[in-house]
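*Asks:* The lines below spell out each chain.
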Amino acid sequence: MTQGIYLDNNATTMVSPEVVEAMLPFFTEQFGNPSSLHQFGNRVGQAIKRARQQVQALLGAEHESEIVFTSCGTESDATAILSALRAQPERKEIITTVVEHPAVLALCEHLEKEGYKVHYLKVDGRGRLNIREYMDLLSDRVAICSVMWANNESGTLFPVEEMAELARSAGVMFHTDAVQAVGKVPIDLKETCIDMLSLSGHKLHAPKGIGVLYLRRNTRFRPLLRGGHQERGRRAGTENTASIVALGKACELALAHMDEEKTRVRRMRDRLEHGILEAVPHCFVTGDPGNRLPNTCNIAFEYIEGEAILLLLNKQGIAASSGSACTSGSLEPSHVMRAMGIPFTAAHGTVRFSFSRYNTADEVEQVIRAVPPIVAQLRKLSPYWGEGGPVADPDRAFAPAYA
Amino acid sequence: MWDYSEKVQDHFFSPRNAGAVAGANAVGDVGSLSCGDALRLSLKVDPETETILEAGFQTFGCGSAIASSSALTEIIKGMTLDQALKVSNQDIADYLDGLPPEKMHCSVMGREALQAAVANYRGQVWKDDHAEGALVCKCFAVDAVLIEETIRANGLSTVEEVTNYTKAGGGCSACHEGVEEILTRVLKEQGRTFDPAGAARAPAKGKGFSNLQRIRRIEGAIEAIRPNLQRDRGDVELVEIDGKNVYVNMTGACVGCQMAATTLDGIQQKIVEDLGEFVRVLPASALQARA
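Chains as they are written, first to last, in the working numbering: chain U, 1 to 403; chain B, 1 to 291.
The shape of chain U in the complex, shown without the other chains:
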């Protein structure tokens, strides 16, 4: 189906063939507007209802009306945070973390300019939060806590269920960006205190351009887009029907394959990680290996640069990523790696391999064979690398002054 080996599933995923099949009729004969009364619209309306129930099942939501379809994860994040601020104008503080996705971070930075106080929870060397620090910040001045369920770069899982419970006890709304977690780890929202959750279709084998905001019943809400009555007035705009149907199907498949994530997908990830760590000196796994997504492995190759690794991997048809694709274009290493205190010499050389259930064990072996020569080749060029190992005291051995 695909040419090459695709290990960049945290960036985006292949649309499952079953999902494509499910959505195609909605471009052709099922073209109706679901709001229309006639049969053209009515059938599409029924299909959307079914999709909503499929999403509800994957999330373990109590009511199907808690599922609000949006255009993407970023829209869901912005809707959640801005809604909390508008519904509680007397609350002027936000709690989030330093390792959030730009969808949350850039918004928070913008809100700071508008006068909001944003508390950024720090992480330790393994990417873990300090819950004590979090508890001390909870107060009736805080409008919302927005904490990601799983980190897109390191795969580290945050204890969002417990944090939501603490927020509830303090009378504070809790939102989680679960774009990377949905479909990879079991979620049962009705058993939690999470008020809002964002997910993105294209991270779980649905197409791009479709997302969901889970909105717990009785959570005070102010819509981002006002207009028509779609999504019960909580997200106006004619429904993206084909993609909604596709996301529903993708959620059904994700739920059916949930066990595969923690068994076969995890085994492939672990095999790759062990294989590379055994063959390549001076590299290490970033994040919290004991507590992360089963599909993600982020390895820092010291003294070389990530983009160079990616280009050479790409030449062999292997797709991975360095840091977050969203942060590429900047010369700064990933904010997630810096937040964990990974030194520059390693942070620049982090490579993320992220799997899906469409990968195979054979592909893993090919990557294990490909990586060591690439790393060796680049290290030969590196000013931080001497004969068969890093130079002593690399920071001082090579400390160029930038003009």
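Cut-off 35 Å, straight-line C-alpha distance, at most; resulting in silico cross-link-like pairs (DSBU-like, lysine-lysine):
| hint | chain 1 | residue 1 | chain 2 | residue 2 |
| --- | --- | --- | --- | --- |
| 1 | U | K113 | U | K92 |
| 2 | U | K208 | U | K122 |
| 3 | B | K127 | B | K7 |
| 4 | U | K262 | U | K208 |
| 5 | B | K7 | B | K44 |
| 6 | B | K270 | U | K122 |
| 7 | U | K190 | U | K117 |
| 8 | B | K138 | U | K92 |
| 9 | B | K77 | B | K44 |
| 10 | U | K117 | B | K188 |
| 11 | B | K127 | B | K77 |
| 12 | U | K190 | U | K122 |
| 13 | U | K208 | U | K117 |
| 14 | U | K190 | B | K270 |
| 15 | U | K92 | B | K270 |
| 16 | U | K113 | B | K188 |
| 17 | U | K92 | B | K167 |
| 18 | B | K138 | B | K188 |
| 19 | B | K138 | U | K49 |
| 20 | U | K208 | U | K315 |
| 21 | B | K138 | B | K86 |
| 22 | B | K167 | U | K49 |
| 23 | B | K138 | B | K77 |
| 24 | B | K7 | U | K49 |
| 25 | U | K92 | B | K188 |
| 26 | U | K122 | U | K262 |
| 27 | B | K77 | B | K7 |
| 28 | B | K138 | U | K208 |
| 29 | B | K138 | U | K190 |
| 30 | U | K117 | B | K270 |
| 31 | B | K127 | B | K188 |
| 32 | B | K167 | U | K190 |
| 33 | B | K138 | B | K7 |
Which bits of chain U does chain B cover? Going by a derived footprint, with three or more residues having C-beta under 8 Å, they are:
| hint | region |
| --- | --- |
| 34 | 166–175 |
| 35 | 208–220 |
Hints are computed from structural coordinates only; laboratory data are not their basis. Cβ atoms here follow ideal geometry from the backbone N, Cα and C, with glycine treated the same way.
Since chain U is already given, all that's left is putting chain B on it; use the hints.
*Replies:* Relative to the frame of chain U, chain B by itself:
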């Protein structure tokens, strides 16, 4: 897109008793063109027994308005006027195997037309007992006027109370913004302000320990700490446990002690360790502030 039952579709496509009844001696007109719904119900009533011999309708309205009218005429034929007056809008909806929430007002219109026709027969004037406002709660078909009147009549001040009195907002909760707006407006007229805090929300069901076990563990942790405090002539007592918040009273030398905050931190750490979950230990004064 409307989810009409088979029964609604049947009564819409093949309406029963459509048209005016010839020689009718009871006519009820309700609705208005400006509302997009109007219904004329005409009845032929036997003056001896007050039994409805014939019923006919003329309806300007949507599919469910026509189906509701058709259903109404079928239900009331053969009833006496007194029996017919007991027919509720829910009876009409039930007869049709239910109506979409947004369409429940169609069945209300049917019942009102019936009341108007009976009043007409008896030489009375029927008065619409409520002005219909914009539909706010679609789950339970509650309009703005009803919500506003209920708030005024009962001195309501929270969304939860409005839900308890009118059902509005008790379903999907998408209309809470609308309910809050009405509350804000009505309370402002009364010189009050709307406080959205309302009732605190229930914490999640705890995992692991049962509630009782959890309380005992917290008590145990506090008991273990008390001797240390008592040595400094201070003391602590447990006041309340609410979800993740544990409220304590510092007594004796602890009152006004500069180290009280540090002591609270120590108690919190001990409870967190014993309980295996994060909780916040707060002074009981915070509990009063919250109430």
